[in-house]
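4 protein chains.
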Amino acid sequence: MTIQQMRDFLTRVPFNSLLGMRLHRVHRDGISVSCTLRPDLQNSAGAAHGGVTAAMADAAVGIAILRHFSGRRRATTVELKINYFRPVTEGRILARSHLLRIGSTLCVGSVDLSDEHGRAIGTAIVTYMLMDAQVDVAKARSAPQISRTR
Amino acid sequence: MTIQQMRDFLTRVPFNSLLGMRLHRVHRDGISVSCTLRPDLQNSAGAAHGGVTAAMADAAVGIAILRHFSGRRRATTVELKINYFRPVTEGRILARSHLLRIGSTLCVGSVDLSDEHGRAIGTAIVTYMLMDAQVDVAKARSAPQISRTR
Amino acid sequence: MTIQQMRDFLTRVPFNSLLGMRLHRVHRDGISVSCTLRPDLQNSAGAAHGGVTAAMADAAVGIAILRHFSGRRRATTVELKINYFRPVTEGRILARSHLLRIGSTLCVGSVDLSDEHGRAIGTAIVTYMLMDAQVDVAKARSAPQISRTR
Amino acid sequence: MTIQQMRDFLTRVPFNSLLGMRLHRVHRDGISVSCTLRPDLQNSAGAAHGGVTAAMADAAVGIAILRHFSGRRRATTVELKINYFRPVTEGRILARSHLLRIGSTLCVGSVDLSDEHGRAIGTAIVTYMLMDAQVDVAKARSAPQISRTR
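Residue numbers (this note's numbering), protein chains in the order written: chain Y, 1 to 150; chain E, 1 to 150; chain U, 1 to 150; chain C, 1 to 150.
Where hints are given, some of them may not hold.
Output of the computed footprint for chain U on chain E, the stretches with three or more beta carbons under 8 angstroms from beta carbons of chain U [claimed, not checked]:
1. 99-106
2. 116-127
Just so you have them, the derived chain Y footprint on chain C, three or more residues with Cβ under 8 angstroms [unchecked claim]:
3. 77-85
4. 97-110
5. 113-126
It is worth saying that the hints were derived from the structure and are not from the lab.
Even for Gly, the Cβ is constructed at its ideal location relative to N, Cα and C.
One chain only, chain Y, in its complex shape:
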């Protein structure tokens, strides 16, 4: 799966697109997505809303799983847990996923959340469930099967 395909996937997910999420980097065991804080992503204190970073954690693990299976398996988020360490009031937020477990049914990733100065702003664990049997490669080529990131 190419970086461009991952970028396209991220853009095609309407809510990720609404938040302005972008693929930041690809790592051996996961990927990073970024999102620049805009006024409409803020909470009442002027910091990034917890829902924004939760969505980023979800996407960072979802795309890492998508990539792991070369886009041939569909998966859906079944649970997510996140700790917030400090507010982010400006600049770019990063969510870097690490795939910890690829099971036959469940896949689990952890996520390091940081601000643009590299300070840790939170951590998350996200569990996805694989939804179906492996898609036939030939078929997948003609009609690419994409993972739900829910």
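Knowing the structure of chain Y, use the given hints to seat chains E, U and C on it.
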């Protein structure tokens, strides 16, 4: 704290406003917020993105805490955990909070997530930390102190 | 599934037995287990160790699932999240489960933790995965299939 | 804080001692505890009970915090979340903590759980709350203040 004040608070939080969250109902031990699924709140499978329901759970507990303290304490989300039971592909989503614990430092609420047919679509637990000492009531009246929902 | 069968199951799980867990009550949507605080179940502050209440939450959901399927499905804990509200330094601890979701693969329950005075001491969400297809009833009768509570 | 002091602390916590937990190693950003699977720590499937690994995760973060503050701060677990990847049916279980956040009120650590072959068996995030102001060092020496690991 009046229902109108809670409504105003919800609207003033930029991200809640972006998602179209509204105060749905006030309960003895919590509140309900609603959000109508729009195309830009969807994931790649056409269902509500997990970040939307996570944000709703966060807000539902935050506003219940705000109300508990009559708007005189500030609080920030420190962690959130959520399970997703089934996708929601249309209509209104509801998040109903129950305050379980009001401590001197931490407040915890659970959230029942449901679709407009009353089917359970998920559950969450959200922890907030109170950020400061109680605000002077007279001062609070002239310049109302609002809770961060992060 | 009779109350005696649930009692027997709880006793046959070695770790539940080590902690002295007992079936307390059967509810429409779950069950309650109890455990009396002993010196060897304490943490350094003389209160119930968090691992004790975590094990109780796990068992309370596991036995509710076992009962839901009349002991004919096996399930294993895939994740658990728990909040601790206050320490318990004496008496009996109760864990009351509510089944929230019985899916074709995953089952989720919430747990109310309380002390013997009925005060809330914590809350939990536990997710189990069903491990196999439904067991043949006739076979199940001769060699009862029990759920793993992990 | 010496390794021997950490060992002593672990042994003095009754429930950790009941499980047979031992300090395994000290790392720059955390510590490892180990526990050898015994029959009475098993679930109904003959694997380590989820309560055992939850207690290990709790202790691994608690002792890392204790060490961070050289034993001069008391802390209590406020929440814990854990994912189980695969059952452990024999040998030694390891829980390796990483301190992610030392705040003025809350401290958060992640935990890698593995079996004696180095296979990942789970992951956890544990949040502790600091309970009091810093203890006077002279006083602490004569009557060592220990952290609650709850």
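Going down the list of hints, with the structure as the test:
| no. | hint | verdict |
| --- | --- | --- |
| 1 | 99-106 | holds (count 3) |
| 2 | 116-127 | holds (count 4) |
| 3 | 77-85 | holds (count 3) |
| 4 | 97-110 | holds (count 5) |
| 5 | 113-126 | holds (count 3) |
In this structure, none of the earlier numbered hints is contradicted; all agree with it.
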